[in-house]
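Construct all of the structure, not just a fragment, from the sequences and the given hints.
Protein chains: 2
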Amino acid sequence: MSRDVAEVHARATWSALVEPGDAVAGTLVGLLGAVEALDWVRAADRHGADLVRLEEVRGPLTDADRRRVLKAVARWAVRLPDCDPGRDLEALDRLRGTLLVPGDPRWPTALDDLGTGAPFCVWVRGEPELRETLTLAVAVVGSRAATSYGERVAFDLADGLAAEGLCVVSGGAYGIDAAAHRGAVTRGGRTLVVLAGGVDRAYPAGNARLLDAVVASGGALLSEVPPGSLPTRSRFLQRNRLIAAAGRATVVVEAAWRSGAMSTAHHAARLLRPVGAVPGPVTSMASAGCHRLLREGVAVCVTDAAEVRELAGVIGSGVAAVAEAASAADERAARRRDALDPLSQRVLDALSRRVPTELDRLASLAGVTVAEARGAVGLLELEGWAGRRGDGWVAARPDEP
Amino acid sequence: MSRDVAEVHARATWSALVEPGDAVAGTLVGLLGAVEALDWVRAADRHGADLVRLEEVRGPLTDADRRRVLKAVARWAVRLPDCDPGRDLEALDRLRGTLLVPGDPRWPTALDDLGTGAPFCVWVRGEPELRETLTLAVAVVGSRAATSYGERVAFDLADGLAAEGLCVVSGGAYGIDAAAHRGAVTRGGRTLVVLAGGVDRAYPAGNARLLDAVVASGGALLSEVPPGSLPTRSRFLQRNRLIAAAGRATVVVEAAWRSGAMSTAHHAARLLRPVGAVPGPVTSMASAGCHRLLREGVAVCVTDAAEVRELAGVIGSGVAAVAEAASAADERAARRRDALDPLSQRVLDALSRRVPTELDRLASLAGVTVAEARGAVGLLELEGWAGRRGDGWVAARPDEP
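Keeping their order, the protein sequence lines are chains P and W. The first sequence: position 288 = 288 (full-length UniProt numbering), numbered continuously. The second sequence: position 16 = 16 (full-length UniProt numbering), numbered continuously.
Calculated directly from the structure, the hints in this document are not laboratory data. It is possible that part of the hints are untrue.
Because identical chains cannot be distinguished in the list, a pair is counted as satisfied if it fits within a single copy or across any two copies.
Stated by the list, open to error - Keeping only pairs whose Cα atoms sit at most 25 Å apart, straight-line, the calculated SDA-like set for lysine to any residue is: (1) K71 with D156; (2) K71 with D360; (3) K71 with S364; (4) K71 with S2; (5) K71 with A339; (6) K71 with G392; (7) K71 with R374; (8) K71 with A202; (9) K71 with R94; (10) K71 with D104; (11) K71 with T27.
Treat the numbers as computed from the prediction; the structure is a model and nothing was measured.
Printed below as a string of structure tokens:
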């Protein structure tokens with residue numbers, strides 16, 4: 001077996017042997033490398049744990065360290081006989097999938113920010129070029145029990161992000177996850193579905209067609225556990241750290257007060273990734289988690305794709321940028337009236353659009369001198385805000401500059 | 001005329017003579033007192049401005065200062081002949097109203113935070129004891145063009161604040177203002193309506209009955225301009241500073257991107273009063289201003305009366321406090337599962353509620369040793385999370401402690 005093949009097999013084995021996020025396993029693989037660490041575990045299973053070898057690479061172990069290692073070895077021993085990377089890789093082959101390990105040029109380096117909690121490998125169905133894809137990716141997460149409002153917002157956000165070439169990262173659940181994938185796929189964009197179980201299992205089954213559509217439009221399904229693995233509750237919780245690490249930023253669309261999406265948001269915050277929350281009606285419990293994130297300062301308020309891009313530090317272009325420019329023009333137009341000096345504003349306030357007002361009456365209404373009113377109304381006429389009619393003046397609306 | 005009566009008449013005159021927020025007038029009254037300042041203006045109207053007297057109290061004036069003063073004197077001269085405090089006070093008497101001036105024990109000292117922009121006096125219809133009332137007051141403001149969602153939230157917030165004995169401060173407009181007054185009045189609470197025109201004018205007229213109801217339930221209408229004054233646009237903008245100063249905190253329920261409510265929020269922020277914004281659907285333009293305040297960090301996200309009280313630094317009691325305690329109990333209950341150690345959680349995840357699982361199968365499912373599974377399931381049984389059935393174990397729901 002070549003060194004590379006051995007490394008791939010060892011990491012595939014680790015991903016089957018231990019539960020996601022097992023810190024002892026992460027440390028051991030970090031110290032010895034995946035291949036030697038696995039040999040060490042096999043030897044430990046037969047002859048007892050070689051703690052001397054660990055002390056060679058790590059320095060002296062405390063009694064607590066020793067106990068943790070021995071407990072871990074006993075825990076792993078239960079599963080060791082069942083691990084068969086060849087079988088798992090064959091299952092992946094049948095899905096035309098790819099196993100990515102660190103060092104592969106396609107490996108999503110964003111996941112390395114998880115440190116010893118990084119996955120040993122990722123099992124991918126669909127497009128395996130993840131490193132580049134994830135340099136422009138945003139996680140969009142939220143409640144399974146979403147409202148139609150939340151699903152609409154998730155769809156629109158993902159649509160807007162996809163229009164700018166961003167990849168949307170989410171889970172595979174009903175509600176916000178599904179709406180986000182659907183929004184991006186409908187726009188022809190890429191999405192990444194991070195699953196708690198194996199990539200051969202659509203969970204829930206009702207989303208199977210959506211997941212196929214994700215793969216068909218150049219996206220991918222990703223899992224840190226081998227094909228055939230069940231999506232357990234603790235795997236769902238661990239899965240959230242991968243979603244948070246895969247996105248440059250995480251946006252929560254709807255989330256109950258306590259929910260998986262909240263855990264993803266907190267994972268993102270711990271990774272120093274920006275977190276956004278989409279507000280909703282305060283009468284909707286589905287938005288309570290978002291409002292909590294805003295109140296606690298964990299998240300920034302985001303209301304559209306442009307604000308999400310800003311959050312993620314991605315400069316806009318294309319459709320969204322044009323819409324933004326139009327909105328900025330509205331804003332400028334609205335500011336023009338405020339840009340008038342206070343005297344002119346006061347005089348303009350006192351003018352009617354229909355009934356002409358004479359100068360001395362205008363001065364009294366506006367509470368200014370007749371000279372001030374004369375000067376102000378002259379300036380207003382020049383800028384198109386006022387016009388003469390008979391002996392008096394009326395208000396007008398100036399043309400756009 | 002006694003000194004007090006002279007002071008009251010002078011301040012009533014100032015409130016008719018100059019537009020709200022006139023900084024030159026505020027400075028002049030601050031330097032000379034209301035009575036002497038008015039005598040000075042009358043003399044200036046007849047003989048020219050006595051700048052030497054001003055320099056006696058203020059020190060040397062710059063050329064710019066002189067020009068500002070002379071322009072102001074000319075501006076005031078237009079209105080001076082029409083000022084008649086006796087007539088205005090009689091009009092107030094007919095409304096059974098009260099003129100409050102600084103120094104009156106009922107004067108709302110909260111307004112003094114406006115400095116030279118503080119009103120000279122306030123014309124009050126209804127309950128004139130404002131000092132004490134405003135020590136526990138919150139401004140609730142928002143859009144005239146409110147949605148039914150916004151009106152519902154404003155009503156409920158005001159209801160909750162009134163239930164805790166807080167006074168609600170707002171304008172007299174349709175939409176959020178009216179809904180807030182209605183919510184407080186329905187609960188039997190006090191509200192303060194701050195008007196841009198005179199307190200004899202319900203503006204808009206459709207709210208006249210509501211304003212009567214405010215007065216009937218112990219609240220008040222307040223204006224810094226005399227009865228009969230028109231509510232002009234610039235008076236509306238200046239009125240917003242009074243609302244912001246009258247509340248310990250300001251809450252914006254719904255506001256367009258640019259609106260009077262936004263100006264009130266910024267006035268409150270400049271006064272270092274806390275600002276809250278109620279989120280809403282991002283698809284609703286009526287909430288765009290609230291979301292902007294949240295994004296820009298001007299406002300804190302608030303979703304109910306308890307959070308508004310917290311914002312205003314008012315400790316809860318009564319009905320709302322009971323509701324909060326109940327919600328906290330829910331939260332504690334939900335946290336109990338998370339408080340289990342990770343091993344117990346993992347074993348609990350692997351247990352079914354219906355189908356008993358034997359120990360070795362449980363260990364494999366949970367990815368733990370048989371010894372760990374045995375220990376964990378024993379602890380879970382003690383705490384009521386698991387129970388024996390036949391040769392295996394099932395998950396259970398523990399009683400509340």
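Cross-check of the supplied hints:
1. K71 with D156: Answer is neither; intra-copy 48 Å and inter-copy 55 Å both fail.
2. K71 with D360: Intra 94 Å, inter 16 Å, cutoff 25 Å: inter-copy only.
3. K71 with S364: between (89 Å within a copy, 15 Å between copies)
4. K71 with S2: Close neither inside one copy (32 Å) nor across copies (92 Å); limit 25 Å.
5. K71 with A339: Between copies, since 22 Å is at most 25 Å while 71 Å is not.
6. K71 with G392: between (93 Å within a copy, 23 Å between copies)
7. K71 with R374: between (90 Å within a copy, 14 Å between copies)
8. K71 with A202: This pair counts as neither: shortest intra-copy Cα distance 33 Å, inter-copy 77 Å.
9. K71 with R94: So K71 and R94 fail the 25 Å test inside a copy (36 Å) and across (88 Å) alike.
10. K71 with D104: Neither: 32 Å inside a copy, 77 Å across copies.
11. K71 with T27: Close inside one copy (14 Å), not across copies (78 Å); limit 25 Å.
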